[in-house]
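J.: Generate the whole structure from the sequences, applying the supplied hints.
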Amino acid sequence: MMRKILLPLILLIAVALLAALPVIGSRALVQDLFMVLCLLVLALNWNLLAGFAGLVSVGQQAFVGIGAYAMFACVILWGMDPLTGLLVGGLVAMALSVPVAFFAFRLHGAYFAIGTWAVAEIARLSLGQWKALGGGTGTSLPKGAAQEMWGAETVRALIGGSKAAAVDALTYWLALALVVVMLIASFAFLRSRMGLGLQAVRDNPVAARSVGVDPTRLKALVFLLTAFGTGICGGLLFIQIGRISPDAAFSLLDWTAFVIFIVVIGGIGTLPGPVIGVLVFYALERLLADYGTVYLIVLGLIGIAIMLFARRGLWGSFIQQTGFDPLPLSHAAPRAGSAN
Amino acid sequence: MIWLDTLLQGLMLGGLYALFAAGLSLVFGIMRLVNLAHGDLIVLGAYLILGLGSALGLHPFLAAVLALPLMFGLGWLLQTALLNRVLGEDILPPLLVTFGLSVVIQNALLMGFSADSRKLPVGPIEAQALPLGPVTVGVMPLITFASAILVIWGLNQLFYRTALGRAFRATSDDPVTAQLMGIRPRSIFAIATGIALVVAAIAALYLGARANFDPATGPARLLYAFEAVIIGGLGSLWGTLAGGLVIGVAQALGAALNPEWQILAGHLAFVAVLLLRPRGLFPRAHD
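Chains as they are written, first to last, in the numbering used here: chain A, 274 to 613; chain B, 202 to 488.
These aren't lab readings, by the way, just hints derived from the structure by calculation. Note that the structure is a prediction, hence the values are computed from the model and not measured. Glycine residues also receive a C-beta, built at the ideal position from the N, C-alpha and C atoms. There may be inaccurate statements among the hints.
[Claimed, not checked] Short, incomplete list of chain B residues facing chain A, as computed with Cβ under 7 Å:
1) PHE273
2) TRP277
3) LEU278
4) ALA282
5) ARG286
6) VAL287
7) ILE292
8) LEU293
9) LEU297
10) ASN308
11) ILE392
12) ILE431
13) LEU465
14) HIS468
T.: Written out as structure tokens, the structure is:
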């Protein structure tokens with residue numbers, strides 16, 4: 274009863290409140306939460322990779338950067354709308370993830386982590402050679418490109434305020450939509466036949482293969498799909514930021530390290546984990562905003578403590594303590610007698 | 202002649218990378234632990250040498266000798282207090298713990314020493330060079346290279362000629378049987394990490410003497426070191442030296458073509474080797 278009605282209702286109210294924010298909240302808050310939502314998208318993607326497919330990548334910033342650069346290329350070189358560029362960015366990231374997978378999937382475990390990191394560095398250094406997009410120092414979106422993008426006028430008419438505020442609101446809504454889509458898609462995927470196969474491979478590879486699950490195919494699929502999601506998120510981030518450089522677009526700290534901490538703190542391998550993690554992350558950031566380095570030290574120590582004392586993170590521990598899982602990824606066992 | 206010179210510079214640089222990688226290779230080979238904080242521990246070592254040198258008025262080489270036992274103690278403590286608790290079938294916990302450690306060390310150094318770049322003052326030796334047939338080589342790079350070979354040779358002797366080395370190999374191959382023979386893997390691991398950090402301190406000396414370093418120097422060096430280990434093959438120390446040389450020579454050749462391609466060429470060489478030989482050049486153990 275509770276599970277069927279109350280939970281979707283709470284989620285719906287939360288999403289509605291978040292969606293209303295650009296109308297009722299301040300612009301600074303909208304920009305803040307835009308970052309939080311984007312980190313959440315990245316975290317949901319990384320969690321699918323590392324928590325469910327067992328692919329511990331330290332190189333997801335490659336796809337953030339590629340998505341962002343593809344979007345910039347579409348706008349600057351070919352005069353396309355930034356939102357179309359966003360989609361192109363996701364597709365390019367997914368296309369490039371094929372050769373990356375071809376290389377990285379030959380490596381296992383820790384080798385895979387290092388391999389993906391090296392790939393991200395190659396992408397960063399290569400795109401730094403692209404002189405039309407500013408080379409190593411980077412470039413900005415043309416003046417007005419973001420403000421004239423599809424939908425910005427409508428948003429402005431809807432909420433009033435300046436053109437820049439309309440861009441903030443639009444990118445914020447897109448990020449929120451991305452989060453909702455990611456959450457629903459992950460839930461559906463993980464409860465599907467393929468998702469169950471994936472979790473079976475994670476929990477016992479030999480047993481999973483013996484019942485006909487093909488681990489490599491499933492993992493490659495997850496790698497491709499998360500590259501798409503990560504690429505789109507990268508494009509969206511840099512529409513809002515408005516300026517790109519190889520170091521910012523391929524930042525290991527911003528797009529992978531923070532994301533890993535978020536997932537680990539919230540609970541790796543659980544669906545609500547990244548949501549909890551991003552809330553903790555944001556709270557810590559606000560609390561320690563005045564002490565930049567202390568903040569990172571605290572984050573690192575929390576990550577270590579979680580791995581030592583509560584490997585499944587805050588959400589995993591909560592489920593273990595209470596036995597209550599509102600978003601179960603497993604299916605209930607069929608009732609005795611109902612089969613025949 | 203310019204190519205011979207480039208090749209030689211590349212080999213010298215590769216020696217430095219092999220030093221970065223040797224400790225990593227040891228730990229990786231024995232306990233399959235990927236220490237993402239190794240680069241930051243090397244930088245920590247460089248600050249330790251700098252601090253000891255200026256506090257006691259010692260030459261960096263002497264300060265480094267003092268730093269060796271301290272780093273051994275740090276490694277032992279790290280393994281006993283932290284890393285032994287997360288080793289296991291799942292590779293994720295050690296990866297994430299060392300990742301957290303890396304962030305903590307980096308930012309603690311940033312708080313303690315600011316972001317200013319430092320250098321170890323080794324004196325006039327820094328600028329001296331030796332004519333070596335048709336080319337000349339700096340004395341410091343030569344000493345670095347010789348140290349790398351010496352360290353790898355020493356670790357190999359330790360590995361294959363001593364009782365401790367036998368325990369290392371036994372634990373690496375089959376920890377359960379090793380325990381039946383009275384070996385305690387956890388204390389073996391603690392000693393191994395201690396030795397790895399001694400090597401890291403040696404690497405730190407040459408890192409600091411060769412170029413400027415700051416608290417954020419670690420991760421990039423770590424990546425070169427990992428590439429060297431993986432190119433060399435799991436558990437092979439000479440392989441790690443070869444891996445370091447491959448990266449060093451690739452970087453030097455890349456830089457000779459275009460200064461902007463130096464780092465890129467090293468990474469591309471790594472990918473190329475792994476596409477041809479996914480387990481590296483000289484794998485000793487099966488993963």
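J.: If a hint holds in the structure, say so; if it doesn't, say that too.
T.: Status of the hints after comparison with the structure:
1. PHE273: violated (22 Å)
2. TRP277: violated (18 Å)
3. LEU278: violated (15 Å)
4. ALA282: violated (10 Å)
5. ARG286: holds (6 Å)
6. VAL287: holds (6 Å)
7. ILE292: Because about 5 Å separates ILE292/B from the closest Cβ in chain A, which is inside the 7 Å limit, the hint holds.
8. LEU293: Since chain A brings a Cβ to about 6 Å from LEU293/B, closer than 7 Å, the hint holds.
9. LEU297: Since the shortest Cβ distance to chain A is 5 Å, the answer is holds.
10. ASN308: Status holds, d = 4 Å.
11. ILE392: violated (22 Å)
12. ILE431: Holds - the Cβ of ILE431/B comes within 7 Å of chain A, reaching about 6 Å at its closest.
13. LEU465: Constraint on LEU465/B satisfied, holds at 4 Å.
14. HIS468: Holds, because the Cβ-Cβ distance from HIS468/B to chain A comes to roughly 5 Å (cut-off 7 Å).
Violated hints, listed in ascending order, are 1, 2, 3, 4 and 11; each of the other numbered hints is respected by the structure.
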